[in-house]
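Undergrad: Every number in my numbering is 4 more than the matching position in the sequence shown, counting from 1.
Be a bit skeptical, because a hint or two may be false.
[To be verified] Taking lysine-lysine pairs in the BS3-like style, the calculated list, with each CA pair at most 25 Å apart, reads:
1) K266 / K226
2) K180 / K226
3) K148 / K77
4) K180 / K244
5) K180 / K148
6) K233 / K266
7) K43 / K148
8) K31 / K43
[To be verified] Cβ pair distances, simulated, as ranges:
9) K226 / L44: 45 to 53 Å
10) Q29 / E255: 29 to 37 Å
11) R35 / N240: 21 to 29 Å
12) P84 / Q63: 22 to 30 Å
What the hints contain is simulated information worked out from the structure, not anything from laboratory work.
Note that this is a predicted model, so its numbers are computed, not measured.
We treat Cβ as the ideally placed atom computed from N, Cα and C, and that holds for glycine.
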Amino acid sequence: HAEIAKSESALHPEVNATLYSASMQEKANKRARMEHDLKLAAHNDELSLWWQPQYNTAQQLVGAEALLRWNAKEWGFVSPGVFIPIAEESELIEEIGDWVLETACQQLAELCELGIPQGFQKLSINVNARQLIQENFVDNVLTKVEQYNIPSGLLAIELTESTLVQSFDRAVDLIKRLRRAGINCSIDDFGTGYSSLNYLRQLPFQTIKIDLTFVRDIHLNKGNQAIAKTVLYLGNLLGKDIIAEGVETDEELQCLLEMGCKQFQGY
5 HAEIAKSESA LHPEVNATLY SASMQEKANK RARMEHDLKL AAHNDELSLW
55 WQPQYNTAQQ LVGAEALLRW NAKEWGFVSP GVFIPIAEES ELIEEIGDWV
105 LETACQQLAE LCELGIPQGF QKLSINVNAR QLIQENFVDN VLTKVEQYNI
155 PSGLLAIELT ESTLVQSFDR AVDLIKRLRR AGINCSIDDF GTGYSSLNYL
205 RQLPFQTIKI DLTFVRDIHL NKGNQAIAKT VLYLGNLLGK DIIAEGVETD
255 EELQCLLEMG CKQFQGY
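Produce the entire structure from the sequences given, and follow the hints as far as they go.
TA: Given below as structure tokens:
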């Protein structure tokens with residue numbers, strides 16, 4: 005009971021003390037069952053990649069981001085906000101990351117056989133901090149790209165700000181190695197965490213993504229407009245590609261177009 009209360013307390017550091025309750029036991033039991041099921045998810049064919057499209061100002065498809073989804077037999081569709089933390093805490097994230105890399109390359113190879121749509125530039129996959137610090141991470145990526153004969157630049161890597169904060173020096177080295185091999189990298193969720201202008205200067209990535217928290221109802225929020233304008237201005241000065249995430253309405257799109265944004269992504 006003390007261990008369960010301790011675990012619950014770790015999720016709420018602002019609270020000085022946490023008393024054990026039966027609901028905590030139920031929550032812990034559910035999490036344990038979910039972790040067990042997640043370990044078997046790939047084997048049971050419950051994981052999938054959903055491609056979220058990216059468009060330019062002419063509304064032409066220019067790329068996509070591969071989003072991981074888990075449709076569990078017991079739980080149904082589980083939110084990534086629920087199962088990704090479980091994967092990270094239980095060290096399943098490396099195994100799942102390998103599955104994402106393999107599956108994305110398989111799907112890209114199938115797309116190449118069918119014929120890549122004109123203007124389609126890349127498919128991006130998300131990389132976690134645990135994957136990034138793997139000794140053979142870059143070699144694994146390059147091996148899969150070669151194995152599936154993926155054209156140069158068609159696979160891209162996305163790193164979140166939190167990943168960069170945890171392993172900045174290693175990230176700089178790995179991104180340089182990936183870029184030399186023709187694999188572009190982007191910063192996802194830019195501006196939501198501990199981002200530094202130093203990232204924009206030091207990291208050799210090609211793409212910045214404006215997080216959906218700044219895009220949602222941007223036409224109504226002067227603060228979000230100011231942040232988006234700043235990212236666009238700095239990104240353009242440094243020669244980066246910039247994608248706005250979470251663009252869902254005509255009003256949001258028009259506001260971003262007026263700011264000079266040229267690429268958009270959304271559900």
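Undergrad: Give a verdict on every hint.
TA: The hints, checked one at a time:
A distance of roughly 20 Å separates the Cα atoms of K266 and K226; the hinted pair therefore holds under the 25 Å criterion. With a CA separation close to 36 Å, the supplied pair K180 and K226 exceeds the 25 Å bound. A C-alpha spacing of about 30 Å is found between K148 and K77, which places the hinted pair above 25 Å, so the restraint is violated. Restraint check: the Cα-Cα separation between K180 and K244 comes to about 15 Å, which is no more than 25 Å; the hinted pair holds.
For the hint pairing K180 with K148, the CA-to-CA distance comes to about 18 Å; that is within 25 Å, so the pair holds. Between K233 and K266 the alpha-carbon distance is near 13 Å, which keeps this suggested pair within the 25 Å criterion. Under the criterion of a C-alpha separation no larger than 25 Å, the hint pairing K43 with K148 is consistent with the structure, at around 22 Å. Between K31 and K43 the CA atoms are separated by roughly 18 Å; this keeps the pair inside 25 Å, and the hint holds.
For the pair K226 and L44, the supplied restraint of 45 to 53 Å holds, since their beta-carbon distance comes to about 48 Å. Roughly 47 Å separates the CB atoms of Q29 and E255, a value that falls outside the hinted 29 to 37 Å. Look at R35 against N240: about 44 Å separates their beta carbons, and that is not inside 21 to 29 Å. Separation of P84 from Q63 is about 27 Å and conforms to the stated range, judged on CB atoms against 22 to 30 Å.
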